[in-house]
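Given the coordinates of chain A, assemble chains B, C and D onto it according to the supplied hints.
Residue numbers (my numbering), protein chains in the order written: chain A, 1 to 220; chain B, 1001 to 1672; chain C, 2001 to 2483; chain D, 3001 to 3318.
Keep in mind the hints are simulated off the structure, nothing from the lab. Predicted model, so just to flag it, every value in this text is computed and none were measured. A hint or two may mislead.
Simulated crosslink set (SDA-like; lysine to any residue; CA at most 20 Å straight-line) [to be verified]:
| # | chain 1 | residue 1 | chain 2 | residue 2 |
| --- | --- | --- | --- | --- |
| 1 | B | Lys1425 | D | Ser3315 |
| 2 | D | Lys3056 | B | Ile1551 |
| 3 | D | Lys3056 | B | Thr1639 |
| 4 | D | Lys3056 | B | Ser1556 |
| 5 | D | Lys3056 | B | Lys1425 |
| 6 | A | Lys172 | C | Glu2188 |
| 7 | D | Lys3056 | B | Phe1549 |
| 8 | B | Lys1372 | B | Ala1462 |
| 9 | C | Lys2361 | B | Asp1508 |
| 10 | B | Lys1425 | D | Val3177 |
| 11 | D | Lys3056 | B | Arg1553 |
| 12 | D | Lys3056 | B | Phe1550 |
| 13 | D | Lys3056 | B | Lys1616 |
| 14 | A | Lys172 | C | Lys2201 |
| 15 | C | Lys2361 | B | Arg1553 |
| 16 | B | Lys1616 | B | Gln1585 |
| 17 | A | Lys172 | C | Val2084 |
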Amino acid sequence: MSGLTFDIAHLLAGSLVLISFMMLYQDRLFALINVFALHAVVLALSVAWQAYIQDAHHLYITAGIALVFKAIVIPVGLHRIIQRLGIHRDIETAVGIGPTMLAGIGLVTLSMVLMLRVTPEADPLAREDLAFALSIILLGLLVMVTRRNAVSQVVGFMSLENGLVLAATGAKGMPLVVEISVAFSILIAFIVIGVFLFRIRERFDSVDVGALDDYRGERR
Amino acid sequence: MISTVALLLCGPAALLGTAILAAAASRHAAATRLVYGAALVISAALLVTVAGHLAGNPGEVSAITLPLGLPWTGARFRLDGLSAFFLVVVNLGGAITSLYGLGYGRHESAPHRVLPFYPAFLAGMNLVVLANDAFSFLLSWEFMSLASWALVMAHHRDEANRRAGTIYLVMASFGTMALLLAFGLLAGPAGTYAFDAMRTAHPDRFAAGAVLVLMLLGAGSKAGLVPLHAWLPLAHPAAPSHVSALMSGIMTKVAIYGFIRVVFDLLGEPAWWSGIAVLLIGGVTAVLGILHALMEKDLKRLLAYSTIENIGVIFASLGLALAFKANAMPSAAALAFTAALFHVLNHSFFKSLLFFGAGAVLSATGERDMEKLGGLIHRLPVTSFVFLVGCVSISALPPFNGFASEWLVFQAILLSPELPQWGLKVIVPAVGGMLALSAALAAACFVKAFGITFLGRARSAAVERAHEVDRWSLAAMAVLATFCLLAGILPGFVIDGLSPVTLSLIGDRMPVQMAEPWLSIVPIAESRSSYNGLLVFVFIAISASLAAFFIHRFASHALRRGIAWGCGFADAVPAAQYTAVSFAQPIRRVFGGFAFRARETVEMPAPGALEPARLKVDMHDVTWEIFYQPITGAIDFATERLNHLQFLTIRRYLTLVFLYLVILLLVLALWP
Amino acid sequence: MTGFSFDAVAAILFIPAGAAAVLATMPNYRMTAAVNVAASLLTLLAALSLFVTERPAPGQYLLIDDLNIVFIVLNTFVGFTTSVFSASYIGHELETGRLTAPNLRFYHAMYQIMMFGMNLAFVSNNIGLMWVAVELATLTTVLMVGIYRTHEALEAAWKYFILGSVGIALALFGTILVYMAAQPVVGEGTNAMVWSVLIEKAAHFDPALLSVAFIFLLLGYGTKVGLAPLHAWLPDAHAEGPTPISAVLSGLLLNVALYAVLRFKLLLAANPQAIGPGPLMVTMGLTSLIFAAFMLYRRRDIKRLFAYSSIEHMGIIVFAFGMGGPLANFAGLLHMVMHSLTKSAIFFAVGHIAQVKGTQKISEIRGLTESHPGLGWALVIGVVAIAGLPPLGIFMSEFLVVSSTFARHPWLAIPLVFGLLIAFGALLLRLTGVAFGEPRGGMAPVEASYVPMYSHLALVFAAGIYLPAPLVAWFQHVAGILG
Amino acid sequence: MAVIFDLAVQGAQMLSVLLLAPLLIGFVRKVKARLVRRQGPSVIQPYRDLVRLMRKEVVLADNASWLFRVTPYLIFAATWVAAALVPTFATGLEFSWAADLIVIVALLGSARFFQALAGMDVGTSFGGIGASREVMIASLAEPAMLLIVFSLALVAGATQLSTVAAFMGSPQVGLRVSLGMSLIALVMVAVAENARIPVDNPATHLELTMVHEAMILEYSGRHLAMIELASFLKLLLYMSLISCVFLPWGLESAATGPRSLAIGAAAYLGKLAVLAILLAVFETAVAKMRVFRVPDFLGAALMLALLGTLLLFVSRSL
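Excised from the complex, chain A in its bound form (with noise of 0.2 Å):
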């Protein structure tokens, strides 16, 4: 594979990594969900670019699927929960930004370590872009996990889920690739919709995920 490729498919991946850094850094609802629509747009170009390289052809639907369904119609979607919620306010982060951001660099080298243990028989391309994708899923986690917010949280999982289709796509000749993507698709479509269902049925007062909390059962 001439190295021009490789270059290109590293420097998507890569970018990837960058934006889910850019999601930690972001404190607002609005500009999070705006990131998050980079974050599809490149995903897009990168699994587009593995269909052109691998001339696997079904992988362009999975390209569409993320350009269509994950830049534009979800976060247009979300952008109106926010509306209608009005919590267009700033995400309550649950531990602060420096912080985050260091243990988000602390996951990529985790995952970096952890990769290139990997022996290089395996083809480097894959193990580069699993690396990626690794450090990409992590930091997804981390977005869930730093966030009170539950639209942040599905954000965090998106881009969590992002990071799956880089690594999927990575993998030469993986079956399933398209129907994964769009079950994870759908998957995502019944997060949201239920974080929206609980707001419209008067259920919770707010989408704070603390609320959806506050019965255990067994509440003393």
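Positioned in the frame of chain A, the structure of chains B, C and D alone reads:
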């Protein structure tokens, strides 16, 4: 020709069948009579079979393997000298208890909670004694616990009984776990769970030590060794009286069987220090048990505590046997071991008898609290007489059986200076002193038990209404009383009967006793020590009747009834009598200080003030406070802390997952 | 012949799928319940036919071997009994108005889809397919947990959903990693996901990649197994969903996830350089066991109590498999089967109890053996069984686990025994409170079919006394594979 | 022939203890009286008392049970048998092997057991006081006694009294610390067991201080006679025990013929006289202690006995 053990297995099978039928028809009127009748017949049949086996060829071993239980081991059963002896104990007890139950069971308020489990309990005990592989053993063992637990919970509406049942089953499964670990060690990683395989494979010294400790924990918790006895005085009295008799008189013996089977049979040659451990625990158990019994005022709990004392005596002489065996003194070991088994038999007799008596009192008056009894000797003449026999026997007074076995124990102790190890030289006499002390205290305890319950004047109206109990119960008690006397005046028969067991486990036996003149027993040599219960009995009988004869021949026969001397006050109220607590007061002042941290506080009113003076005694169950409260406290603490994890937010739970993931990945990253 | 036997596998999959489609369109709830039972019965029969017919050769997607045949039969059997139970349970729910007819239609359809998902997970020979199937089963149960639409139910479902989704993601990543590890050896395409192929070639895979993969899989599927600290969804999901679902969750879904973990453990066991799965599983198992044991004490809700006991037993099972060796693996398999049967039986009893007493609060249920002997004694037997007392099946497995562990690694056996005893104490305390004492709560007689729970208990009892030879042979073979 | 002779000797022994017991008491009382410069009753007063009691009618409390009436005979029988088994003027009697030292202790124990029960039978508080205190004392005295038996048995290698006595008579005994301790312990136990000063006062009838007397407070007439006789026998028993174990001079096997028997009898009477005088002197010299000092007194005895036994376990020559 069907083998003996196969024949014997039909017994438990039949008992289980009875249990199932009882579960089906327990509410039927005739169920009580049928179930106890069936149990009686089956136990008697088993007894006859075993007796035939012993009479025929006691040394012979018959084994069988059924395609049940653990797949690659199968359910193995085996009949040898030891199991034969304990089968006698179990089924003799079972038969007589069933006889008693025929009468006592009629008063049962909730027969449907007793009848199904009673035969199951008997079956469980029989199976434990017959089992020949670890799995069948533990299965039967725990089944036995379970059945007895159900019986303890028979009167479940009483909060105390529920608590007793819970503590009992928890302790039981603790014991089972200990046994499980012991068997795990004996079986080894390959998992050879058959006893025959364990016999041949000798564990190394540490493993052997661990097994001994685990057996002390496992079998000891069931037998009621201090400090594992906490459940016993709660659970035994909670059950219906005939079941209490089974639990105290028989089940504890099954526990002892387990201990003997593993430590004397499977474990091979013991280490000398194992003797020390068992001796010490036995001695302490004996003293503490009987002291607790002295402080009790609930008749059945008193009996339960005295069970603990007797278990202590048995374990002490087992420890002695271990020490002798470890030092290759087979004849001495045989003496100590015989003493232990003899006491097992005796205790099963008089403890069942006493519990039957307590049950009779309970059904006649509805009272277990001695402070509300008294004067029953006038109301229940027969019961009081047999109960008296039981008291004399358990107090180790000649010529009854309790004395015979304790005499053997003392003879064994007197052989121990030959032991080489210094540790034993120091421990053994101390334990001897403890046993002597516990024997004396036992006498005091049963003076109290009989005196407060049956003598004096009635302390409550319930006693006035009491009537003698039914024939079945009386018959059962009379049989046991006869056994107590017979085993006391003819100990030679029992000792010779035990010789196959000692031969198989110790490799030696006591000299043949039946050959001795005048049926006296001679452990070592006549010049050294000998005892002839029969002759002592005859002498006492003759001299007493001589005295009576002369009196009635020459002295006056005049007799006048009058009121008792009340220090000038005419007929004091019954409440003025000594109560159980006040009777125990002098002994409490002597021993209570260290055993119960007992404190007495007296509030004297000012001179001339009219309010009464108050004497307040507060006592502590020291073992409970030392061993059990910390555990419960720790569990409370832990649960309280951990319980917060039930009340976290989703984000926190996610954080847990996240952290766990990161930790695992770090581990992996640092993996060499 | 092979043709027919393939049909058997197909039947196991298509009967539930078809039934789901049918049920989704049926109005009458009695009829739907009946159809539900019938479909489950047919599936069970199909599964049983696997015993008699010879097994199909492993294809690219489907596989029948000693390991999963037991799971399938167990799964379909419990599925069938649960459907019978739910038929007698749902009626009451409808009367009390907790559920409506449309709910029920949805419920029954979902039930069949869930069965389909679980069966698919078992028979699938393809790790990707297995993943999809497990997730399908999970999502359907999420929907059923939330079916009561109450605050608590939705909240439980939401929690289950979020945590589950994260688990899904992690498991998927693990699966991808396994593919990546296999791809250089096996070559691109579906083959690199076919389990029977992987297990042959596993020795040559990249160990580091496999290790990372296993960690993700362990966490991903472990979330569904309910291992502490990934367990958070489990208690609430059990407590707030309909009782048949609680029974299925504890009895089956946990097994499905466990099955997945086992498959991957096999894969790792086949690759010597990769990280040993044993220590990880032993640690997780012990943690779950002891944690759950302590959590049992403060429970106020009876269903939540038994949910925690499920966590505890999953801990034991994972521990046993982590220990490895013929005895421990055998014990683990046996324990898993026994636990499914017993726990579902307990939930059957609990369901009826909650209905007659009108509450799930332990403190408001007393003296069941007096007021409702049938239920009360069933509960007693069930708890006695789950607590590992003889003569019931779990005793045998615990006997093997504890004794073999103590013989090999004494220091591991101590915490194990400790946890078991702590849990036993808690269960016994609660049982004493619920089954004995002055009766309290509703006295209305139960209109319930005792058949499901007592048949389960009978099976457990029989297994405690006698295990049939073929079963033993399978278990031993599988235990051999599990290493 | 020999058997008949042996039987005769045995019978003579039983009779002699029966006849000697009251005399011993009378003698002790006489000496005590003399010591305080009183004339004192005649030595045969106890016989007279017994006869008088025999003649008197029995006054039974209303609710006294059959046990109350049987007990005196049991107590008497047990004590008599026990006393008959202790070698007095000869060892190796016909039935001496029927019971050893432990049995003798136990026989006295059973006598006490029934006495305590009888004390509680009527249901007055005095009986209760007596019984509870008696068992308290016994619970310490009996183990002490058993430990003494242990050390004797360890020295002589037997619990058989005849053997022990024969051994103590033989020269190989020598002076031993352990034996000294057990002698002191034995004396203390004997004092307690026979309800002598300082443990109990046989002469008192002040309710709060009595132990033995409180138990038999309700007895009268022939029953009382039996019990009194039994207590006389008990004192004799302990004295003969001490004499045959610690002063075994002149004690020969019964098989050796009449002459040695005569010597033995003479020696025996001498020993009894000495012991009786010692007892009297002791009793006049000390004051009665409070009931709850008794445990300390007996505890000391117990400790001494235990120490003696321990020493023997450590080395047979101590």
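Here is what the structure says about each hint:
1. This hinted pair checks out: lysine 1425(B) and serine 3315(D) have alpha carbons roughly 10 Å apart, not beyond 20 Å.
2. For the hint linking lysine 3056(D) to isoleucine 1551(B), the alpha-carbon distance of about 12 Å falls within 20 Å, and the restraint holds.
3. Taking the CA atoms of lysine 3056(D) and threonine 1639(B), the gap is near 76 Å; set against the 20 Å cutoff, the hint is violated.
4. Taken as a hint, the lysine 3056(D) and serine 1556(B) pair is honoured in the structure, with Cα atoms around 7 Å apart against an allowance of 20 Å.
5. Only pairs whose Cα atoms come within 20 Å are accepted, and lysine 3056(D) paired with lysine 1425(B) is rejected, the gap being roughly 57 Å.
6. Taking the CA atoms of lysine 172(A) and glutamate 2188(C), the gap is near 7 Å; set against the 20 Å cutoff, the hint holds.
7. For the proposed pair lysine 3056(D) and phenylalanine 1549(B), the alpha carbon gap of about 17 Å is at most 20 Å, so the pair holds.
8. At roughly 8 Å between alpha-carbon atoms, lysine 1372(B) and alanine 1462(B) fall within 20 Å of each other, so this suggested pair holds.
9. Taking the CA atoms of lysine 2361(C) and aspartate 1508(B), the gap is about 63 Å. The hint is violated against a cut of 20 Å.
10. About 18 Å separates the Cα atoms of lysine 1425(B) and valine 3177(D), which keeps this hinted pair within 20 Å; it holds.
11. The straight-line distance between the Cα atoms of lysine 3056(D) and arginine 1553(B) is roughly 14 Å, inside the 20 Å bound, and the hint therefore holds.
12. Distance hint between lysine 3056(D) and phenylalanine 1550(B) is fulfilled; the C-alpha atoms sit about 15 Å from each other, no more than 20 Å.
13. Annotation: proposed proximity of lysine 3056(D) to lysine 1616(B) is violated, straight-line Cα distance about 45 Å (limit 20 Å).
14. Only pairs whose Cα atoms come within 20 Å are accepted, and lysine 172(A) paired with lysine 2201(C) is accepted, the gap being roughly 19 Å.
15. Between lysine 2361(C) and arginine 1553(B), the direct Cα distance comes to roughly 80 Å. Violation of the 20 Å bound is thereby established for this hinted pair.
16. This hinted pair checks out: lysine 1616(B) and glutamine 1585(B) have alpha carbons roughly 12 Å apart, not beyond 20 Å.
17. Taken as a hint, the lysine 172(A) and valine 2084(C) pair is broken in the structure, with Cα atoms around 47 Å apart against an allowance of 20 Å.
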